[in-house]
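The hints should help you fit chain B onto chain A, whose structure is shown.
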Amino acid sequence: MEHTVKYRLGDWRLHLAVLVLIIIAESIYIHIIPMGPGSLLLLPFLYAFVLGLLINPNVVPIARRLIRREDTRRATPWIMIAILPFIAKFGSTIGPAIESIIAAGPALLLQELGNLGTMLLALPVAVLLLRMNRETIGATFSVAREPSLAIISDKYGLKSPEGAGVMGVYVCGTLFGTIVFATMASYIGSAGWFHPFSLAMACGVGSGSMLAACTGALVPLFPDLEDQVVAYAGASNLLTYATGLYIGLFVALPVAERLYRLLKRGGDPAATAAAGGPDHAEPASRADEPRQSKENDR
Amino acid sequence: MSAETTAETGRKAIDLPDYLITLPVVGVLGLVANWIGPDNPILESIPGMLILLVISFVGLVVTRYAPFDLPAVAWVTLVAMIVTLPWTPGSAWILGHLESMDFLALATSVLAYAALSIGHSEIDIFKRAGWKIVIVALLVFVGTFFGSAVVAEVTLKIQGII
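Respectively, the protein sequence lines represent chains A and B. Number 214 in the working numbering belongs to position 214 of the first sequence; there are no gaps in the numbering. Number 1090 in the working numbering belongs to position 90 of the second sequence; there are no gaps in the numbering.
For reference, chain A alone in the conformation it holds in the complex (with noise of 0.2 Å):
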């Protein structure tokens, strides 16, 4: 126990960079960009990501000499303690709106089957235009967070095409998810196509760092409504923390098999039974072939 404690203090310069990271950040605090309908918001918590990008040594090699390897394998067990004060936080925000979420049951609770969107949009895609094979199940039946991987890990092994399939949209999620999220929310809210309810409800999709981006860009353009927005993204959230992993196991993965299966059917029958490698790397011209093609796809 003791020695945890010290492993975990040990790593002052981790602590020290990520201090040196939130003063920059804040520093430079919110700015607003206005891009045709809508705005992108610059939030704090973007500059310390794209920033703390930077100065990991794994991605860029010369920042080595500022922080070490050993210390960046020492901040995934920081991710989850800096996160619960921020949902603690959160979670305050649910207690007094509890009448309201308690009235705005039913959408919270049916806006938790909207996560299956993801396969109406990403699945024919991934089948149809990049000729993907059995990896497109492990990477389009869920927003692939961590009880995905659970699922996958336990129904087909990581080491299968679907794992490979989950792992790589897990691995884009933690390299620029937030960042996807927080733009898309700050653009979509601020073109004034949803109601900011039902876009906080779309924030809980059961990743706390993506409910931060997501919600962290709505709650500058909705000041007057921040206790709620942040309330029913909240609320969301934990929903889909209560919930994600039974969709996903029990309505989500046999979708994408069935609609997997149908889509590789209507393009071609030997492509049903195969399964598909790990490698799919495949010329960028493929791509652009027209959704008809009768190609095989390997």
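Check the hints yourself; a few may be wrong.
Stated by the list, open to error - Chain B is faced by these chain A residues, among others (derived, beta-carbon under 10 Å): (1) 40; (2) 119; (3) 125; (4) 128; (5) 156.
Read the hints as simulated data drawn from the structure, not as lab findings. Yeah, the Cβ is synthetic: ideal placement off N, Cα and C, and Gly gets one too.
Here is chain B on its own, set in the frame of chain A:
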């Protein structure tokens, strides 16, 4: 990468005394962020931060000993929700202190650690997966966001809430 370990072994491995030392570290970082950006003086924010740390710790205790398995973040959310319910004694006092805690500022340290935690294995998987997985990932994020937003919008309209 913690990918394989988080889901199953996480809960039994929670070392509660360890958090008594690590939580204050992120608390200090949060206070700095909350001061520089949103301009909340550190001294005035200390009670609010202490409340958040206590809620976090209670959430971890529940995660460790609860009869069924939910992630710590879910328990922390629930604890925070319960102590701020209108009919919970003292909730007004808690909320009063939490007002000075800017939730955006609390996210800054999370993403700084996240950026620094990215290791070789992530970069390798990313390179191996290739450009197609990047497109698919983008569509997954857009799809889940729009899917939920559309369903929520329609349901809220039918309910007459918006």
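Hint check:
1. 40: 16 Å, violated
2. 119: 7 Å, holds
3. 125: Constraint on residue 125 of chain A satisfied, holds at 6 Å.
4. 128: Result: violated, 12 Å to nearest chain B Cβ.
5. 156: 14 Å, violated
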